[in-house]
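2 protein chains.
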Amino acid sequence: MAYKEIARNKAFGGHVVKYEHDSTELSCSMKFNVFLPKESEQGSVAAIYFLSGLTCTEDNFIQKSGALAEAAKHGIALIAPDTSPRGVSIQGDDDSWDFGTGAGFYLDATDPKWAKNYRMYSYVTKELPALVNKQLPIDGSRVSIMGHSMGGHGALTIYLKNSSAYKTVSAFSPIANPVNCPWGEKAFSNYLGSNQDEWKQYDTVELLKKAGDLKIDALVDVGTSDNFLERELKIDTLKETVASLGRAQDWTIRYQDGYDHSYFFISSFIADHIQHHVKYLKQ
Amino acid sequence: MAYKEIARNKAFGGHVVKYEHDSTELSCSMKFNVFLPKESEQGSVAAIYFLSGLTCTEDNFIQKSGALAEAAKHGIALIAPDTSPRGVSIQGDDDSWDFGTGAGFYLDATDPKWAKNYRMYSYVTKELPALVNKQLPIDGSRVSIMGHSMGGHGALTIYLKNSSAYKTVSAFSPIANPVNCPWGEKAFSNYLGSNQDEWKQYDTVELLKKAGDLKIDALVDVGTSDNFLERELKIDTLKETVASLGRAQDWTIRYQDGYDHSYFFISSFIADHIQHHVKYLKQ
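So the protein sequences, as listed, match chains L and D. Just so we're aligned: the first sequence equals residues 1 to 283 in the UniProt record's numbering. Just so we're aligned: the second sequence equals residues 1 to 283 in the UniProt record's numbering.
Among the clues, some could well be false.
To be verified - Calculated cross-link-like contacts (lysine to aspartate or glutamate; reagent style DMTMM-like; alpha-carbon spacing at most 25 angstroms): (1) D:K38 <-> L:D139; (2) D:K31 <-> L:E39; (3) D:K4 <-> L:D260; (4) L:K73 <-> L:D139; (5) D:K64 <-> L:D139; (6) D:K73 <-> L:D257; (7) D:K38 <-> L:D260; (8) L:K38 <-> D:D257.
It should be emphasised that the hints constitute simulated quantities derived from the structure, not laboratory data. As the structure is a computational prediction, the values presented were derived from the model and not from experiment.
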């Protein structure tokens, strides 16, 4: 778990720092970015994990979301991991943009071909927090999770499976029901095999059905001009599931008129999301 | 001057729109981005031109600066051109990152090899404003100019040569005295030939010496950890020149402790710069 700092830029009074480390879970070298607000120079601070979408690296969110301004305002750290193992050279991992490299789907693969490296679920929920909490001025008892698209799927499923570890959750344009969409079917059938019961443990809609009376206050934004809205994201299914379970009051699901799937959309509403997290992180 | 819209993304209630057009000045096809705030749907709005630095395209500022949030707050448009002609295939134009493609230096080349295409000064001051003012809801009588690094050089020199056309000016990390730094010497000797009197018409420090009693209220930010500060930017020379001319009150030159040359630095202070421009654009 040796790690090293490979870049540091001052930003909004704090610093964006890029680290590289040898990941035990993924059996490869991984990079991640952290925004440490100036308050972290005086002691540990609360943090939001941000999980990115297909094709992204640890950089997209940190560079394009505009999140640093709002995080700095509240003295909150941001932690942005990569989206898959890197440089592991499994046959087929670079054949398509929506599977393999850049498309880890925040699960632990069971198919023998992928099982050694594609363990982003354990990486994000265990290895990375252990590293960050030990090495950086992050208060591991005050963290929350957020994500976009594939990372929205990651954030929601990880929260639902580990609700005691995260203070709250929010998502932009999440893949809400991957067992029923092309991206999810492709990823899950390859990483997890054909048994669809295995798939359901990584599906927000399916996890919700088993969540019982788990208290949630989730914020979800999606653009009405998102090209992936109907086919891949299935936000209507999420909304219907929440309503049918009588949990509509736990979920703020907003359809933002005219917005698409891009970082221009994320940046337009990132301040709302950070404020949502701050409510819980400051408690 | 035919132009077409090639991308449109909703952002902060307005839209980021990318246009492509055949440039007469540059004899090639050019792209630029415009942020049009929602107020532009009701009528013409004021605008800030942002000139980018070496290696950048029309995208860097729009995607990474965080400027949209503050521009939207004030109902101001942002216009982000590219940094050089593109696809013109002049021998040597792609040999280095600091000359040729991505490095137009906002001048009109006189060396025969470059003179046909490398006319970014006329492109930015004449052709692009004419196009934008005619085709878009931009109030051409309320515009200002801002830039970073090579684009900071561009913004300051263009303002000093055309102060009646722009309401105000500001710059991040500008190349303030290009006739006396390696980047400028390389660019100017190639684009303009060996006569250094020609060079001086594109040099902020030299133009200032001839500016007489021109009223200026310029904001300049530079990071003290900028790797280019001493060798390329020459901000001390700018500050000394301003002082020796008795014009210190016209220039707010801030050395920002620990910041570097990156967009993390720009994004940390972009709200200040936009507020500086708004003071004059709203008059």
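We went through each hint and held it up to the structure:
no., hint, result
1, D:K38 <-> L:D139, "violated (40 angstroms)"
2, D:K31 <-> L:E39, "violated (41 angstroms)"
3, D:K4 <-> L:D260, "holds (21 angstroms)"
4, L:K73 <-> L:D139, "holds (18 angstroms)"
5, D:K64 <-> L:D139, "violated (28 angstroms)"
6, D:K73 <-> L:D257, "holds (19 angstroms)"
7, D:K38 <-> L:D260, "holds (16 angstroms)"
8, L:K38 <-> D:D257, "holds (13 angstroms)"
Going through the hint list in order, the structure does not satisfy hints 1, 2, 5.
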